[in-house]
Each structure stands twice: as C-alpha cells, then as structure tokens.
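S.K.: Model the full assembly from the supplied sequences, consistent with the hints where possible.
2 protein chains.
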Amino acid sequence: MGDADAPGAFTLEAQDGAARAGRWRLPHGVVHTPAFMPVGTRGTVKAVAGYELEALGAEIVLANAYHLYLRPGHELIRRLGGLHRFMDWQRPILTDSGGYQVFSLARINEVTDEGVRFQSHIDGSSHFITPELVMEIETALGADVIMAFDECPPGRADREISARAVERTQRWLERCAARFDELAAEGPAQVLLPVIQGGTDLDLRSQSLARARTVRDWAGFGIGGLSVGEPRERTYATLEGLAGELPVDGVRYLMGVGYPPDLLEAVRLGYDVFDCVAPTRNGRNGTAFTASGPVNVKLAAWRDDASPIEPGCGCWACGRFTRAYLRHLFMAGELLGLRALSIHNLYFLTDLMRGARSAIRSGRFEAWAEGWLARYGLSEETR
Amino acid sequence: MGDADAPGAFTLEAQDGAARAGRWRLPHGVVHTPAFMPVGTRGTVKAVAGYELEALGAEIVLANAYHLYLRPGHELIRRLGGLHRFMDWQRPILTDSGGYQVFSLARINEVTDEGVRFQSHIDGSSHFITPELVMEIETALGADVIMAFDECPPGRADREISARAVERTQRWLERCAARFDELAAEGPAQVLLPVIQGGTDLDLRSQSLARARTVRDWAGFGIGGLSVGEPRERTYATLEGLAGELPVDGVRYLMGVGYPPDLLEAVRLGYDVFDCVAPTRNGRNGTAFTASGPVNVKLAAWRDDASPIEPGCGCWACGRFTRAYLRHLFMAGELLGLRALSIHNLYFLTDLMRGARSAIRSGRFEAWAEGWLARYGLSEETR
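Chains H and W are the protein sequences, given in the same order. With the working numbering, letter number 376 in the first sequence gets 376, and the count goes up by one each step, no holes. With the working numbering, letter number 122 in the second sequence gets 1122, and the count goes up by one each step, no holes.
It is worth saying that the hints were derived from the structure and are not from the lab. Note that the structure is predicted; figures quoted are calculated from it, not measured. Keep in mind that the hints are not guaranteed to be accurate.
Example chain H residues on the side facing chain W (calculated, C-beta under 10 Å, incomplete) [stated by the list, open to error]:
no. : residue
1   : T44
2   : G81
3   : F128
4   : A340
Not close to chain H: a few residues of chain W, all C-beta gaps over 12 Å, as computed [to be verified]:
no. : residue
5   : G1017
6   : R1179
7   : L1183
8   : V1215
9   : E1240
Beta carbons: idealized from backbone N, C-alpha and C, even for Gly.
M.R.: The structure is reproduced here in structure tokens:
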C-alpha cells in the first residue's frame, strides 16, 4: 500500500461518516467504488454479453476459479490467452478462489491442513485442492485480482468451528502468498487478496485480520463467510466492528452481498466492493429490481402496461421494452426476457453504487440512503 | 403491380437463368432479394435482440399471427402501438396467418368452409378462427406484409385432400381480401399476399395460382405447403414448374424453407424470400452453420480451438469468441452460447443470400452456387 500507481492500489477520495468513495487501480483499468461486481461464475455473466456489461457501467466482473478449474480447465484458458481473452472482457476481473464453492457445492471427502479432497459437483470426479494449486489455477486464469484459498464454514457454525477455520485460513494464506510470489514472477500483473474469516465473532474476525497482516502489506481484504445464513443483525454488527480495524488505505471487498438494502448498509459501514448472483438470478426468475422494490414481471398488472420497468431508468431494456412486452416474453418462456431483466437488474445495482458514490462525495450519504431505503421499502405494501 | 413506389412493389433488378435479384418496397423499408427472414414466432427472434438482427443485416423478420393471437393477444399489441413497437423492430415485418400452425400445433375439432374450431396448444382453450378473424388479427398486429389464411394439408396428402385444400384456400382468400379491404381503410399501410397450395401436384398448384389471380392483382405470392415432409425432388420439381407461371413482377415467398442447399436451389428456380426456424433452432441445439457444413460445437476437436466458428466470418460471435469458448458455454449450459450461435447462423444465411444476390447481379450465379455447394457438402466427410 502507499503507492497510488501500484496494481491494486486503493485511493480514498472521500469519506462521509464511515462510508467511502475511492478508486481502485487494477491492471485492466480503474474501478470506482463503491462498486458492484456482476458475477460470471463460469466465465460468462449469465445471459449478458461483455459489451452489454460495459454499456451498463460495470467496471469489473467476478469469475470463479473452482468452476473454471473443473470446466473447461485453467490450463486450457491459459493456452487460449487467459480469461480476459477467453470471455471477451477487457476490463478488470476478480476470481474467487472457490473456497466457498468447494465447501458448499462439492461432496467433500476430507479436509486437512494439506488441502481438500472432494468430488466434482459436475461429474463426480475426484480432486485434491491445495492452496498452492489454487494459486496455480488463479494465475493461469490471469484475473486482475485473485483471492486466497480459505475455509468457509456455514453461517451458523459455532465458535470452535469458526476458530479452526480462521487458523486453517491463515496457514493456507501463508502458503498462497509463498506460491503466488513464485508464480507472479512469470505471469501477468495480478493482485492477491487474503480472505478474512471468523463468522460473526468479532474477536475471531480481529484475529483473522491481524494474523493476515503479519504475512505482508496487502492491497486490501476480502471479507468472507458472511451472508451465508447467519442473522442479518449479526452480519451488520460484525461488519461494523471489523471496519474499525481495517486499514484505511486498502480496498474492502465484502463477498457475496448484493441485495440493495444490504449493499447500502455495507457501504454505510465502510465497505467498497461487492458481488452477488442476486441481480442475474432474480432477473432470470422474472423479478425486476425497481426503486420501490422488487417486482414480479408476470404480475397481471403489467399485462397492458406500456411503461418501461422503471420510468427514467437508463438501462438497455428500459430504453426499448414495455412491461407488457417483458411480461409476454416471460409468459412465453422467451430467452430475450432473461437477458433484458438481467441487464436491468445489473444496471440497477451499478446505478445504486453510482448514486452512493456521488452522495458520499457530496457529504450527504446518510440522507440519500435513508430516502432511497424508504422508497424501496414501499414495494411490499403497494404492489 | 406496376407502380414501383407502391407498398409491396417488387422491382426485378437482375435475372440470371431463372434466379432473380430484386428490391421489395415495404412500408418500413426496402428488402433486397434474395432474402432470408429470421423467424420471431412470438414477437421475438429467439435469443436475439432487434439491434443484433439489424447488425447482422436482416431487413425483415417474420412473426406468427396464430401465436400472437393466443398470447399475448392481438388487441393488446394493437393498444401498445402495434408489433413493431411491441418487439422494438422498426424494419419490415411479415406475419404468417397461422394456417400452418393451426393445422400442425392445435388440436383441431372441426374444419368447415366457415373456419376452424380448435383448442389452443398453450392452455386448451377453445377458439374459432375464420378468414375474417385472421385479417382482424393481422391488421391489429400491423406487420408490413400479412398472409391470407390458408388450409395447409400434410406433405404426403393425396390429390383429393390437396384439391380440397386448394378449393378452401381460394374461398378463404376471397373472404380475406374482402375483410382486408374494409380494415385497410383505417389501419397502417399493409400488403396482403395470398398463399398458393396444391401439394406437389403441379396441376393443382397452377389452378391455385390462376384462381388466386382472379381475385385481384397481387403484389406477390406465398408458396405454402412445401417442405412439410414430401420428398425433396418433388418439392424442387413443383417449384420449377410453378416458377414458370408466376408473374415476373411480384415477389415470390417460399414459406418455411431455410436449409442452405434448399435455399440455393429455390433461388436458382426463381424464388425471392424465405423463412425458417433452422438457423435459430440449430443454434440453440449447438449446431453452427459453416461454409463446409454444419458443425456440432460440442465436438471434442473444438475443445482447444482458438479460431472463430468460421474464419473470416463477419458476425458478432466470430468477431469475439473462440470455438473453445463457445464449446465451453454449451458444455456448461450457458445462455450466451445460444445467442452467439443463433446470431452466427442467422448471419450465415443472410450472408448466403447477399452472396447469391451479388452472383445474380454479375451473371455468375450457377458457378457460384455450384462452388458453394461443393464446399458445403464436404462437412460430412471431413468432420
């Protein structure tokens, strides 16, 4: 940290209460924060093409090392010129290590300090993943930002399990760092970030953070293991406590958070970047995000409605399609509907982050967020 | 016919043997022929957006009156400003009457001279469609070109059934014309075309054509009831015989034909416009059209292949994605793959028609088509 031109450098531009606006410099471009990262797990943001992501203002997308390791294979992607070339996306990419996916999707046979033995959720094939292998996968993929391999326990795990995960995550981080240094010498410029674990126990979180910082000066921190089933108040309390200990000059990536109220709360508490499948998954299920809350496009009220999803919205779908047409596409099971709603929802969150950034820079974040949330909460009653 | 500026006017620009190059003037623009029409049955070309159709060079798309009548309803589309506005497509549209769909998709309860009583293939609801109702549906939709309601017997129907279908199609055409004239006075500019039936019996085809021409001077003719299961040589023989009787100054729309060799043969015989679900359906099934024949993108040979589907192809997908990436998208079941292959296949046919047009205009159609077909036939042996 310190050198504002180094890859991964985070420059704090404005602070409003704890909320932060910043610039995150990465090898493929600058990310203006707060920022939402669309999720392209398997090297494609579902139903959306790269130029549509650019057009809606996405500055970075996320892909998943675990999924791409299993299919089509990281060495294949390396041979084809890396993930940017493979998926036709020239802006920054962040790869998640797959810690969360290994523990949530695969059938695990054995977890030891050495690594995790598991069976693929795709074809049942047997694999042994170590921190070193994860670094080999992520450097082969060539994303701008790569996450260290962590152990991610379930959201309601007890303290003992969480403490053990922190221990193991730390030992794995040290091995990730060592292997990354060996690999980084020959590969493209990449930024490795540690993942902080510890469940909703603030002591454990502090410990996880403090120990990660003994390894080296990191360009930022991923906060893992939240939004995985624990009560929301405990998530917020943990985030608030942890924020006070995180260094000011590093990016803070809260992993897996993406519902609008959660995003605003996390921004308020001082977190910078986020990812979640919510906008695309909801879009494919026919739920559109609107300023007054989520709406099901199959609603009878939309049958004859000539307005766009959200009047005034600048997204591709709202510029072209009526609610009636989108409803028709979903009723008929037409693919264009999945794309239109995915783009709208991604635009919605990207635009929400732009709004937050602007409010922070002008010192009116609290009032802006309060107004936004009050309007958003209306949906359950009015629709 | 005669007035080159009238809606629906077809201007023959060049002829090479029987093959024709022309301009078809429609209310929303000019279609350069030979032309392939992408099929947007329910008001959307599956997986492809309007601006992508424009970019690949489509000058007209087809939609289906039967499908849109059942869902979302033609009156709804009229209230929302018509089909062009509904589906965000400002170039010409042709609506098929749904004759073929009624006879192939619906559960038919009764066919009389008055009309067809059937049950919806969507929800089993009961409907009675008459030629007059079809005109009401198609004028409500507001396409540039609308097809008369016809009876379409199966491809191997015997002469008696075909003869009866010709009779009924003729009586229905008279009623369509009468109702269209009443409705046309108030609606947008539209061109009504008759459908010629008669199976593969040239006498019946001649009869159907001659009788249709007694109703009025048509701007062109739809040729229905071919490519519906009859032997291909009989299709070609019928098309060849009928072409000699069709007026030179009217457009000739061969309905439902779209596989590359069939398209070239039909162009050679003097037909101008075509439609088929083949490019989009094949695309969604993972088959890519290439100059050396159709290819399954899941082929193991594509696993590591850094080239585009078709080297030199100008389509959106070939400009961005490798075969390896497209294969990955299909193996993983990702939606972007459906879009990419649909666009490629539509571009392929659009480009094939552009090539045919250019060859006709320079008087070298036969040699060009022969070379094209020789290369296309290679695929079965070489892949």
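S.K.: Could you check the structure against the hints above and give me the numbers of any it violates, in ascending order?
M.R.: Hint 3 alone not satisfied by this model.
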